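Use the sequences and the hints to build the structure in full.
If you want the building blocks of each chain, they are given just below.
Number of protein chains: 2
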Amino acid sequence: MTKYELYYWSGIPGRGEFVRLALEEAGVEYVDIAVTDNGDAKVVAGMKANVTEYPSFAPPYLKAGKLTIGQTANILLFLGEQHGLAPKSKQSRFWVHQLQLTFGDLVAEIHDAHHPIAASLYYEDQKAEAAKRTKNLREERLPKYLGYFDGILRRGGTGWLAGRRLSYADLSLFHVTEGLRYAFPNAMRRLEKKYRNLAPFQDRIASRPRVSGYLKSGRRQPFNTQGIFRHYPELDE
Amino acid sequence: MTKYELYYWSGIPGRGEFVRLALEEAGVEYVDIAVTDNGDAKVVAGMKANVTEYPSFAPPYLKAGKLTIGQTANILLFLGEQHGLAPKSKQSRFWVHQLQLTFGDLVAEIHDAHHPIAASLYYEDQKAEAAKRTKNLREERLPKYLGYFDGILRRGGTGWLAGRRLSYADLSLFHVTEGLRYAFPNAMRRLEKKYRNLAPFQDRIASRPRVSGYLKSGRRQPFNTQGIFRHYPELDE
Chain A
1 MTKYELYYWS GIPGRGEFVR LALEEAGVEY VDIAVTDNGD AKVVAGMKAN VTEYPSFAPP
61 YLKAGKLTIG QTANILLFLG EQHGLAPKSK QSRFWVHQLQ LTFGDLVAEI HDAHHPIAAS
121 LYYEDQKAEA AKRTKNLREE RLPKYLGYFD GILRRGGTGW LAGRRLSYAD LSLFHVTEGL
181 RYAFPNAMRR LEKKYRNLAP FQDRIASRPR VSGYLKSGRR QPFNTQGIFR HYPELDE
Chain B
1 MTKYELYYWS GIPGRGEFVR LALEEAGVEY VDIAVTDNGD AKVVAGMKAN VTEYPSFAPP
61 YLKAGKLTIG QTANILLFLG EQHGLAPKSK QSRFWVHQLQ LTFGDLVAEI HDAHHPIAAS
121 LYYEDQKAEA AKRTKNLREE RLPKYLGYFD GILRRGGTGW LAGRRLSYAD LSLFHVTEGL
181 RYAFPNAMRR LEKKYRNLAP FQDRIASRPR VSGYLKSGRR QPFNTQGIFR HYPELDE
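Keeping their order, the protein sequence lines are chains A and B.
Residues in the first sequence are numbered consecutively from 1, following the numbering used here.
Residues in the second sequence are numbered consecutively from 1, following the numbering used here.
Please keep in mind that the hints were generated in silico from the structure rather than gathered at the bench.
You may find that some hints are simply not true.
Claimed, not checked - Simulated DEER-style distance windows between Cβ atoms:
id : chain 1 : residue 1 : chain 2 : residue 2 : range
1  : B       : K66       : A       : R210      : 31 to 39 Å
2  : A       : R190      : B       : V51       : 23 to 31 Å
3  : B       : G163      : A       : V31       : 43 to 51 Å
4  : B       : D236      : A       : G163      : 27 to 35 Å
5  : B       : N38       : A       : R164      : 34 to 42 Å
From a predicted model like this one, the values you see are computed outputs, not experimental measurements.
By construction, the Cβ of each residue, glycine as well, lies at the ideal position given by its N, Cα and C atoms.
Next comes the structure, spelled out in structure tokens:
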């Protein structure tokens, strides 16, 4: 059994959470380096070009035996192949990856809604701009993205985004929706009334035995105002 | 021979250009739908969920025989496998894709520098915010990204980002640097003095016979102020 080590920042679900959900649903053992001693320092050290041939620009990255794989969607591509979290036909493999990359685009937009000027500045230093960008996110971008994913669920008719079985893209849709519910409870009440396949989908994923066990475990990091999905009441409806 | 059709907006290099460069370097025939009659209308029509099982959230997407593949990095993953534009070992395949996804992140940041509030508003409606975000791009983000890619070229010592042969990630670095030179000529003069592997790399790619032929051809769309890489003098140094 390959030994997995997930390298991601401590204290937030962040992009690491997409990887954690896949590892948990696959039922494979892994070490979440963030919660070991000096976790963040290990994350930084392991990205340096003098210690690895495959330095990441940013976490998360996964060490899998001798392999080092960075970028969320890339890690999921790997885990999908290894653990049956993606279909096997060529078209379906690329389709699931396409969906994952679209989640990646959405996540970047959600982050930048509270940090539209600079990731290195505090939210408090870009509040006026964040209010404008978040209004656009809630009113234009979220309907477009959620409508897209809702339509795929509806058309497929299987309860999953791709084919007859759960894939890593399903786990990612689950996490994005959970994050949006935390960040924008009012906007999401409105949007989930319109995009009616989302709520039953959330329940279906949350009730899977491994996911359910994980969500109740101490391994699940709660959402907070340090991560990608942030609840600032002034940014909701 | 599989017939390829690239679906992307007309009139800009945009994200489609990463795909065009790979197709051109691979020496495969393709139809660039953008430059056919009613190209943009065909791009929109082909994304609709009632005409395809695999609708894209946004272009580019590629039709390859019976396959439909969306998302730039995903298309390149496919073309890399099909046409020897990526190494074959597992670690190297994921490494090249990781680099490509990092280009994707950079490209999104470059776009949002001139559109920090909303992609659907004009630049003129978000000039003050664009000036702030672009300052951060030039002073913090570009040095971080270009330093990262420069370091990989330097360490590798082969002239390529991954191993001993050109990969699709190399073509993408070429295009990003070309775009940045167009958008921020002053900033890039400063940055290329610091990151000294970039300029010889550009020359090496530009002089490859197929790339060179393509760059001189009418198939190459010039940069302009409608695309991702925009030259607004007030946003440069």
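Violated hints - listed by number, lowest first: Hints 3, 4 are the ones this structure does not satisfy, whereas the remaining hints hold.
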